[in-house]
Amino acid sequence: MKKQKTKTLRGLLLGGGFVAVAAFLFTGCPSQQGMMDTGDAAQKVYVAPGEHDEYYGFFSGGYSGQLSVWGLPSSRLLKVIPVFSQDPETGYGYSEETKPLFETSYGFIPWDDSHHPHISQTDGDADGRWIFINANNTPRIARIDLETFETKEILELPNTGGNHASSFVTSNTEYVIGGTRFSIPYETDLDVPIDSYSDEFRGALSFIAVDQETGMMDLDFQIVVPPYNYDLGRAGKGPSADWVFFTTYNTEEAHTMLEVNASRNDKDFIAAVNWRKAAELVEQGHGETISAEYYHNYYEGKQGYAINDVKDQVTILDTREIDDEFIYYLPTPKSPHGVDIDPTGEFIVGGGKLATVIPVHSFSNMLQAIEDGEIEEYIDGIPVLNYDATIAGEVENPGLGPLHTEFDGRGYAYTSVYISSEIVKWSLETFEVVDRIDAYYSIGHLMITGGDTVDPDAQYMIGLTKTAKDRYLPTGPKQNHPAQLYDISGDRMELLLDFPTIGEPHYAQAIRADKIVDQVAQIYEMEENDHPHALLRIADNRVEREGNTVHIYMGATRSHFRPDNIEGIKVGDTVYIHLTNLEQEWDVVHGVAIKGANNAEILPAPGQTKTLKWEPTRTGIYPFYCTAFCSALHQEMQGYIRVSAEDSDVDLAWRTGTN
Amino acid sequence: MSFLKLVSRFVLLSTLLFALQACGGDDSDQRSAQTETEEPGLTEFELEHGIGPITERIEVDDEIDQELVTQGRNIYEMKCEMCHNMEGRMVGPELGNVMERRSAEFVMNFILNPSGMTNNHPVGQELLQEYMTSMPFQNVKEDEARAIVEFLRDYNQNN
Ligand SMILES: [Cu+2]
Chain A
1 MKKQKTKTLR GLLLGGGFVA VAAFLFTGCP SQQGMMDTGD AAQKVYVAPG EHDEYYGFFS
61 GGYSGQLSVW GLPSSRLLKV IPVFSQDPET GYGYSEETKP LFETSYGFIP WDDSHHPHIS
121 QTDGDADGRW IFINANNTPR IARIDLETFE TKEILELPNT GGNHASSFVT SNTEYVIGGT
181 RFSIPYETDL DVPIDSYSDE FRGALSFIAV DQETGMMDLD FQIVVPPYNY DLGRAGKGPS
241 ADWVFFTTYN TEEAHTMLEV NASRNDKDFI AAVNWRKAAE LVEQGHGETI SAEYYHNYYE
301 GKQGYAINDV KDQVTILDTR EIDDEFIYYL PTPKSPHGVD IDPTGEFIVG GGKLATVIPV
361 HSFSNMLQAI EDGEIEEYID GIPVLNYDAT IAGEVENPGL GPLHTEFDGR GYAYTSVYIS
421 SEIVKWSLET FEVVDRIDAY YSIGHLMITG GDTVDPDAQY MIGLTKTAKD RYLPTGPKQN
481 HPAQLYDISG DRMELLLDFP TIGEPHYAQA IRADKIVDQV AQIYEMEEND HPHALLRIAD
541 NRVEREGNTV HIYMGATRSH FRPDNIEGIK VGDTVYIHLT NLEQEWDVVH GVAIKGANNA
601 EILPAPGQTK TLKWEPTRTG IYPFYCTAFC SALHQEMQGY IRVSAEDSDV DLAWRTGTN
Chain B
1001 MSFLKLVSRF VLLSTLLFAL QACGGDDSDQ RSAQTETEEP GLTEFELEHG IGPITERIEV
1061 DDEIDQELVT QGRNIYEMKC EMCHNMEGRM VGPELGNVME RRSAEFVMNF ILNPSGMTNN
1121 HPVGQELLQE YMTSMPFQNV KEDEARAIVE FLRDYNQNN
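Here the protein sequences line up with chains A and B, keeping their order. According to my numbering, the first sequence is numbered sequentially starting from 1. According to my numbering, the second sequence is numbered sequentially starting from 1001.
This is chain A alone, in the form it adopts within the complex:
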């Protein structure tokens, strides 16, 4: 296989020069300063037609529930990967194969809210095997493989309300973490007064083990913690690789009007969890098994129908019951949002949302404080460490509402600041702000290329902002959420591009394209098609009836379906059209749409089998056709299905090619 051509920096600069010169030649020089800036920025994001970007960017969809894929630096949309919501573009969530992915202990959920994508890691660096993302509302984690760019698995998390502190991986993807934003009662369906909060409600921190071969997830254990809100999490790296860190707010244990009631304490906590020790405790039998209903949905083979594996128990570690210490609270001002670990694994940066400083803890100070017994108090068996013992520095004057921090590996950290709508760059040595730049408008997360790993190649930074207002041509009362691309390779941050995105990206990840291009699949190989209803030899195309259920084994090639004339279907039948795309050429898709089908359409990729369920309610002639422009004779790619009355004696028959 040949290597994809990856854009070189030189090519970028040359290409950009072209634009700059062209702009000058055609439009003249509008203003000295503006021309310079725009020209420089334009050349930095210019990727010539046919050339490829340097990075894949993965942006969460927020309330769209999906994950969008962007080329960086051009910031061109490459694809939207459907994850937690039905997708009319691909038939995801409509086809029989993918519907089971949406099953939960609450039934079929067609639309959720996706927040934090995280690429699998090896030795603390993104490795591009998989990307995980959390569903926030009905708590789940999905795994997308980066060969097909498709969602392959979804795991529900019990005892969790709002899986927000998720889906971050540990340094070698031993675990993906989940953390409950709402504390709720552990007992399933427990009906208690809301004001029994402090007694009945508890928090859950979830540790999902990942099979290194297959990527398959398994909820290994949950830690039962005090009823706070667990907001975000991050694994340590290097020396802190055995630890994960969660922010908490609402240590006030408010259950109403949190805006006011959960903002009283000057400090909340960062919870530092020694996951390796916790896992050992579980292995040694210190956990307790409790009943819990949750779904694990995945594919058993390369193709076929996702299955629902319904789990009925989970292992918990309750800090009130276990003597060994494996979790510590670090007091942190004030309602901290993000918790981010620098590339060396030493600094634990809290996004003190309501604080006037950015608090930076030291991991080695923390270990020392534990050893020296610098403990203020115990909460449900969890030692609260002394603030002065763990803190390494406080960044003064960070702006209003610091949220999230990433790193450039050159000694600087970059923190998004929501209320004052800016990004501040500060030194990990002096803890002083060295640069700041505006964000348009109200920035949430930011992301630096590799900025959460041990080895950032900090070329670009993306700011994910919450409102567009006047930034683009107006498109009505609700506008798409913006993102800004910055160049951070120099001393000062430089804004390159401002572009609308899809949904509401909360967090994003980026990986160098050359790390994954070679693994990206171009087809589903027919030889490996293990779908139980695949059509692997065109001669086997057929229609089978079992009572009221009819299976149509249909093949699609440019430019016909086989069979394309079907009779003997009856009102009241449940018809499954299993369409196999028999092409083996990259990017040649076929679809099928049937008049009146209430379940949309399907669109199998080359070599893929997809199933459309159709329940005709009226007699008549039903045309069907290929929805993808697959060839010059695409408009000829069509057929007819005859539907007869329930009691008719029309025989089942199928034909192709004999008029």
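FYI, nobody ran anything at the bench for these hints, they're computed from the structure. Be a bit skeptical, because a hint or two may be false.
[To be verified] Simulated DEER-style distance windows between Cβ atoms: (1) A:Thr-122 <-> B:Glu-1094: 24 to 30 Å; (2) A:Asp-312 <-> B:Gly-1088: 57 to 63 Å; (3) A:Tyr-640 <-> B:Ile-1058: 53 to 59 Å; (4) B:Glu-1077 <-> A:Ala-632: 24 to 30 Å; (5) B:Gly-1088 <-> A:Glu-525: 37 to 43 Å; (6) A:Thr-122 <-> B:Thr-1043: 46 to 52 Å; (7) A:Asp-455 <-> B:Glu-1130: 54 to 60 Å.
Given the structure is predicted, the values throughout are model-derived calculations rather than measurements. Using N, Cα and C, we set each Cβ at its ideal position, and we do this for glycine too.
On the provided structure of chain A, position chain B with the ligand as indicated by the hints.
Below, chain B with the ligand alone, put in the same frame as chain A:
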């Protein structure tokens, strides 16, 4: 913009144009044996035996290898039969007699490099004009193409 900067931009531009001309060529990423050539003049071998990964005559025994035939039939049924009939035209030409028209190498190159053949080979160009559908590369490996040839030879001899 200062004069100096302007000059440097023009230098950049000419470098760019030069670089662009230096680029070009084929960087298609079909993960296949496809090797589209753009040479207008074909060699005698190519005219006779097609353009593609098969660049010299291969050994073909008079005797038919039945094991290869079975392997070839299986691949044919999975990857070819939806477009071809043994007797009579369908999406593509009839193949029951193709071994009378073409050499083993030609057929293999057609299977392994269909777009190269229909773009650059006079026979392929003519076929495309007649059938108006591009035969796809069906992810067939070289030894599998050889097996298909054996299957087509066997059919031809027995029908
Ligand atoms: Cu089609």
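Here's how the hints hold up against the structure:
no., hint, in the structure
1, A:Thr-122 <-> B:Glu-1094: 24 to 30 Å, "violated, 54 Å"
2, A:Asp-312 <-> B:Gly-1088: 57 to 63 Å, "holds, 60 Å"
3, A:Tyr-640 <-> B:Ile-1058: 53 to 59 Å, "violated, 46 Å"
4, B:Glu-1077 <-> A:Ala-632: 24 to 30 Å, "holds, 26 Å"
5, B:Gly-1088 <-> A:Glu-525: 37 to 43 Å, "violated, 30 Å"
6, A:Thr-122 <-> B:Thr-1043: 46 to 52 Å, "holds, 48 Å"
7, A:Asp-455 <-> B:Glu-1130: 54 to 60 Å, "holds, 57 Å"
Checked against the numbered hints given earlier, the structure breaks hints 1, 3 and 5 and satisfies all the rest.
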